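Sequences listed follow chains A, B, C and D, in order. Heads up: the first sequence is residues 1 to 482, going by our numbering. Heads up: the second sequence is residues 1001 to 1482, going by our numbering. Heads up: the third sequence is residues 2001 to 2482, going by our numbering. Heads up: the fourth sequence is residues 3001 to 3482, going by our numbering.
Because the hints were derived from the structure by calculation, they are not lab data. Fair warning: this is a prediction, and the values are worked out from it, not measured in the lab. We put the beta carbon where it would ideally sit given N, CA and C, even for glycine. No false leads were slipped in.
Below, in silico cross-link-like pairs of lysine-lysine (BS3-like), each with a Cα-Cα straight-line distance of 30 Å or less:
| no. | chain 1 | residue 1 | chain 2 | residue 2 |
| --- | --- | --- | --- | --- |
| 1 | C | K2028 | B | K1022 |
| 2 | D | K3029 | C | K2038 |
| 3 | C | K2028 | C | K2038 |
| 4 | D | K3171 | D | K3252 |
| 5 | C | K2022 | B | K1022 |
| 6 | C | K2022 | A | K29 |
| 7 | A | K22 | B | K1022 |
Distance windows between CB atoms, simulated:
| no. | chain 1 | residue 1 | chain 2 | residue 2 | range |
| --- | --- | --- | --- | --- | --- |
| 8 | C | A2233 | D | S3258 | 45 to 51 Å |
| 9 | D | R3200 | A | T260 | 52 to 58 Å |
| 10 | C | V2232 | B | R1168 | 54 to 60 Å |
| 11 | B | W1173 | D | N3332 | 47 to 53 Å |
| 12 | C | L2247 | D | S3359 | 41 to 47 Å |
| 13 | A | M178 | D | S3167 | 50 to 56 Å |
| 14 | D | L3243 | C | E2241 | 57 to 63 Å |
| 15 | B | V1324 | C | Y2055 | 54 to 60 Å |
| 16 | A | S167 | B | N1360 | 51 to 57 Å |
To give an idea of the chain D side of the interface with chain B (calculated C-beta under 10 Å), a few residues:
| no. | residue |
| --- | --- |
| 17 | D3087 |
| 18 | H3088 |
| 19 | T3378 |
| 20 | V3379 |
| 21 | Y3381 |
Number of protein chains: 4
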Amino acid sequence: MTEARSASKSGGKSEPAPSIVKFNIGGKKFETLSLTLKKFPGTRLASLHPQADEYNRDTGEYFFDRDPIAFGCILNLYRTSSLHFPDHLCGNYLREELNFWRIPESLVSECCWTVFFNAEQDNQIFRNLKKTFSFLDKDPRLNEAGKGGMELWMHRIWLLLDKPNSSRAAKIWSTFYMFLVFISVSLFCAQSHPTFRVARADVSHTMRNITNPKIRMYHETNMRPELYWLDVACVVVFTVEILLYLLCVPDKGRFYKSFTNVINFILVLVAWAAFAMEMTMGDELLDGKGVTYWTYGTLKLLLVLRILRFFRLSQRYSSLNVIVLAMKASFNELILMVMSFFLTATIYGCVIYVVEIHSNSFNDIPVSIWWAIVTMTTVGYGDFYPLSGVGRTIGTFCAICGLVVLSMPIAIIAANFNNFQSRNEERQQRRRGNQNTPVKKIGWMANVPIIHQYTSNPMDPNSLSTKAKIKMITTKPQNRNN
Amino acid sequence: MTEARSASKSGGKSEPAPSIVKFNIGGKKFETLSLTLKKFPGTRLASLHPQADEYNRDTGEYFFDRDPIAFGCILNLYRTSSLHFPDHLCGNYLREELNFWRIPESLVSECCWTVFFNAEQDNQIFRNLKKTFSFLDKDPRLNEAGKGGMELWMHRIWLLLDKPNSSRAAKIWSTFYMFLVFISVSLFCAQSHPTFRVARADVSHTMRNITNPKIRMYHETNMRPELYWLDVACVVVFTVEILLYLLCVPDKGRFYKSFTNVINFILVLVAWAAFAMEMTMGDELLDGKGVTYWTYGTLKLLLVLRILRFFRLSQRYSSLNVIVLAMKASFNELILMVMSFFLTATIYGCVIYVVEIHSNSFNDIPVSIWWAIVTMTTVGYGDFYPLSGVGRTIGTFCAICGLVVLSMPIAIIAANFNNFQSRNEERQQRRRGNQNTPVKKIGWMANVPIIHQYTSNPMDPNSLSTKAKIKMITTKPQNRNN
Amino acid sequence: MTEARSASKSGGKSEPAPSIVKFNIGGKKFETLSLTLKKFPGTRLASLHPQADEYNRDTGEYFFDRDPIAFGCILNLYRTSSLHFPDHLCGNYLREELNFWRIPESLVSECCWTVFFNAEQDNQIFRNLKKTFSFLDKDPRLNEAGKGGMELWMHRIWLLLDKPNSSRAAKIWSTFYMFLVFISVSLFCAQSHPTFRVARADVSHTMRNITNPKIRMYHETNMRPELYWLDVACVVVFTVEILLYLLCVPDKGRFYKSFTNVINFILVLVAWAAFAMEMTMGDELLDGKGVTYWTYGTLKLLLVLRILRFFRLSQRYSSLNVIVLAMKASFNELILMVMSFFLTATIYGCVIYVVEIHSNSFNDIPVSIWWAIVTMTTVGYGDFYPLSGVGRTIGTFCAICGLVVLSMPIAIIAANFNNFQSRNEERQQRRRGNQNTPVKKIGWMANVPIIHQYTSNPMDPNSLSTKAKIKMITTKPQNRNN
Amino acid sequence: MTEARSASKSGGKSEPAPSIVKFNIGGKKFETLSLTLKKFPGTRLASLHPQADEYNRDTGEYFFDRDPIAFGCILNLYRTSSLHFPDHLCGNYLREELNFWRIPESLVSECCWTVFFNAEQDNQIFRNLKKTFSFLDKDPRLNEAGKGGMELWMHRIWLLLDKPNSSRAAKIWSTFYMFLVFISVSLFCAQSHPTFRVARADVSHTMRNITNPKIRMYHETNMRPELYWLDVACVVVFTVEILLYLLCVPDKGRFYKSFTNVINFILVLVAWAAFAMEMTMGDELLDGKGVTYWTYGTLKLLLVLRILRFFRLSQRYSSLNVIVLAMKASFNELILMVMSFFLTATIYGCVIYVVEIHSNSFNDIPVSIWWAIVTMTTVGYGDFYPLSGVGRTIGTFCAICGLVVLSMPIAIIAANFNNFQSRNEERQQRRRGNQNTPVKKIGWMANVPIIHQYTSNPMDPNSLSTKAKIKMITTKPQNRNN
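Chain A extracted, bound-state conformation (with noise of 0.2 Å):
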């Protein structure tokens, strides 16, 4: 700080005038010393000089027609040698103006980064978000143009298996289809319970030696009957639907990345593979042993996985592609949080068997390490708890730490979320907005066709091609100074 006020002193007395800069920045005045534009050298202030230009010889000014908020806190750089900025200028444009005035970044000081920093979240947040809802913004319909017979219908097919949006049919299958997940996840949990089984008339001998009694269960009883075949009927329906899928998809290289159609496909497979054998085969399939007991069991166990159909729910509720983004993004304090969740439970874990070394409880540390981890995330069972007093002031601790630890990354999985949800939100109303704008406005667009040049694609300003901006600047004056 000192320097600037002596140089002011030194420089000031002998030649005042010279020593002093002017610049008009887009209309306003700025001033400072000479010698306090060299500090930086290679940046574009400290390569002016009286014959560029950007010298207006008449007032003595250097003109440039930029914004001048940014340059008075690129002036202070000159001045102090550190580069501060006001937090709530926007970080994508402070750095073009860096860029236009040639400052690295790495002079902007460490307290005031965070205006880049934010912006460079928000503009990740904001990609994610595009690549992730690209399927809304582009209009599948469009591609019907130069299609006919057997194409067109297939293209309309897969239009609407896949695009719930593009018809109002498409949306009634959508809701349909999600019905028979909801039916055949349903049959799945109810087959597991007694009211909905059928004790069977030829229960094999050789199986009455179980001991369990849920695989006595599926041994002794039969699903529904009328519960069996709408499971059947569910299956097919998804059958013919991943079929005609497979056939109307226009390209078969995506279908087979997508893990949601592959899981179908599979489960499909499964599904048929089971029926098949109860259909062909008798009580072997129950017998309790041999390789076609233990396939038909694994068969019947991955039906579980239709849950996963659930999944295609997301195309359709956008808040849970957001959970999901939410998720990756937080994916590093999601390890840690499991890192440091698991280690502090080990510890405790281990002290507490240590600890409770004479009572009846706590046998063997794996199973006080699952104490542990039921203290920490408070749901505490009942099944283990310490008795001595040692131990419970462990277990006091224990429940403290997980509450602790669990908080730290939890509260910013929360906020990332938060961060989402609300670009999300602002994203549909920009949409809303846009698709509004102009039917609103289109008074004073009636007569301006050469807007279309830059509303095209008036999400994205930015996006304009270089040479476009440059015909927009070179030619637009002569169309209207005439």
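For chain A, the structure is supplied; the task is to place chains B, C and D on it using the hints.
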């Protein structure tokens, strides 16, 4: 960015003076290249020409009586093709300025849209609060004018019953009513406990085969007579109240639309129907079969709805309304929470059932889903818990998943409530401030009767009709400049 | 907005020069149409005329020595009829400016009222903190002047007992006192456990019919003698302390108003009463009936209140006071939380009772409400849990409702605590800074004795009396300009 | 405020020109009354006089080459006697400006101190992060220069063992080491479970009277031999590692100060001591009495500390360090949480003991405090729960109190973690940006070799020595202006 430079280079040399446009925006000077302004045709700035009214030939400037801060941002749009705003400016004010300069909102860059989004959200919150608390703003006593005799009394009774803040008597009545509701609900709760029941002399023998001890108790005992008659007294008061209210309410249509009124009415009917049955019929009410028995039981159970009468409290405690508003505003997040919660619980329920197939617990999938729910909410009753190592690992992730899945929407709901609550406090603070203003500031307002023109509705200076505003501008100068 | 334009059009043409008013606000120039200023009569700007003192005939400007930033916002009010503020400005400063320009606060637009609301909240927080920690600001030793002999010693004993930060001895005494309280509470807790009791030789036979094992223990055993006499020793110290304190406290009136002092006094009386009974009476203390027995039991139970002595800790740990302040500031939210919590719990309790009427659990409604409470707080003891499918569904929603209902007010309470805590840290940082300032900056202050006029209370430069300010302005120029 | 007006009135009339002082602050003009400036003598502005270097006689202005925005705020201090700042300005930058204008920080108004407080907090966070991650900044390979033979190899081995990011081999070693630690901890956990133990042939008969099944197991079974020797192998590797490390570490003093190193050393000693006892002694290790038995048991239990080796993970996962930093920064809040938690738990424990004195549960006060802890953390094992109505009411408030008491400090701890985490991400983003900058921007830097003067430490432009800065100012003009 580079084209601005190059434009300055090429254009600057040949004819430097004419290419620069000068603005005087409310006293602040701005300068830019005329080429720059042509970038966005159709906007107000692009259509400027020296014959315009705003052009001042003496100074060579365009004069606009607008705010220079927003203009600075808008001028940057022409310079850099992207429109950024500092995030401390009020979105409503920026929207006005954009309108004035005829910039479509779609040109605002994605990263700076937040300003408008937040303003829109706050406007929404204020609208909701205004609608909900509109009954506080209107003074119902104003309507008494022109009423006489019977009509006036009916109006006063309605005020007494429905507007707790209309008079001291109404406040007392409202407190007494809440006390009665509390008594009535307490009686319903108490009568289910043996302490508050006495044995019946004439227990019908046919009932002895009921095994459920709770239902047996209802058959074998009666409510203590003093409590029974207290309950009847409460019902009498409620009946008188609802009849008086129905008689005196000015707008019968709104009576039937109000949920609480309808509930109130049904409750009174149910209570009298049950009372009538008790008075007229004897043992057959408790004979365990037949329409009479089931009707009586259902009526008795329906009386539980009397707890809904508590929602009248929300008329007195505005924070309860704020909770409801925050829940409504978070409707999407609530749906999302319930959906993702049940989806995750079903997945974990199915998985734990499969994993713990050999244990004695987790008998069917619905029960396993119940376990997953109890674990994810960290309630942890301890009625079910995994016993195998794999099951415990899944239980751990189930609990952590629950914490994460629930924390995300709950953070948003809590933030919404926070917003509504602080906006509501702001509103109340403003109301108090406005009521006090005339008292405190009477000095400078005393000799300015004309000020009532805009303080008649001091809450909302924007609500001045356009006509009034025009009148203000056109007539006042004559009043004053003489 | 359009009228501003049209005004500029019509007014601008006929007589452009006179219609524009120029301002010089602290060096910054503003211009507006004279018509604009007439919109809000009664304000300072509306009453300007060329004969005013502020009018400078040479430049044709009105000069005000005020801040130009706030003036810019206020001028916008005249232009657009709505008063918006950027939200980074300090509300207290804006209020001053509004006062100066005579703009009533009711004209501030609803969306920008937040600035004032936040400033008011922060002022409130600072006021509360100042009041609570006022005892830290005053140095009680200053009062020693003019005291002698007995009086001085009494004063010093009072400081020792009541002001932990008055001297090193007082700090040691305070720590020792806390240690004694800890011992005393620990003894109370320990004496309830059989480990710390010894069998009595003379167990009265009449007592043998007591079945409650806890009360039996008190009859059949005595506290270990070493612990008993340690407890008596603690009571002796507390008695001496309270007597000395009562003797030496300068303001007897405040002694009786302090809650902790009264509790302290009562506790000492109770302890001595119980001790006297133990010393003078024998078996009749434990004969299980009669006034003596019940009196003695009640006295013993009242001793539990000794835990309240811990609240003296708050004198030493300011964070405990901050918790209390945050709770007081969140009083409305706490009431709301408890109210909505019990309301929801009652509803769920009644519903689960009705739904689980056929199960063996949930015997009456009070117990069902207890279940709802245990579920909503996610404590989940497991003493009651639903068994039917419908009951479990209701249990699920009960748990989620609990999370939502509790999360909303708790978020506000936590935010309040955060606010208070960080404002308190700010205050402490400032105090430290101020104490250090004179030391560090002695250089520039050394030859400026007049500066004490405003640094006598460096915390609060606003507290300068108006008289002092006027003196400052009128006298200093003479001191200096000579 | 009024005196400013009145001053303008009186002073303005008599001699309007001399009383106004004009400033040119970096090109922006400010004007104020000369009286105003005299308010705070001792500051730079108060001591201005027309003979000062800064006074420009041609324009009649004082010229300062400083930022005009901060000057505007500071001038307001003279006008209104209170110093407010907009809260978007960086505190570090404001501090510099206050220093320049010689305004003591104590004049900043209480409500606007937040700016400085936040800046100080951020500085603190950056300092802590820099200190913690300093080992990442230094490249240890630079020290290899001038070392040869043995010394070079020792240095390389040290790098391999201690600096995971120094080479690919070191990274592999570090991963392998973590894997070994995982194996070693797993073995300790596993050996407590009967599955991983085999019966001993020679169970000493004297031991049969041990009733505790866990200790019996240790006497009657041995660890499976393959696991036992795997454990020994791990210990061998750890021993070799610690010996090599001890041999090669350049700074032996720091070795003994590191907590993890000492633990590591002790663990190896303990493991070998236990191993030696097992090898040399037989039955007396498990004879249940004597020094040998207890020593051996203690050594075995001490091995649990091997879990602490996991803390070496924090070298690799910086987020773990961030957690530790956040905990340290929240130390006050953690203490507060534990203190208020135990205080509240003790109160509720004593109260529930008194209230439930007639029930069979809550046998003594320590157990009642344990119940209160389990309830307040919402763990709710179900080992104790109230049975009476009053007890349940107290349990309800206990749970709610726990939620409130815990939520307050946890919110601050989570916010602190959030701060540290995002500042750390900022730091990493900046580091990446700086590393990339020279590559991306080589174009404009290529012909500017002098720029290395300030990019040698691009992270910290403020660290330029005063000497270098003066040189920059005094020498560069000569280089350039020629």
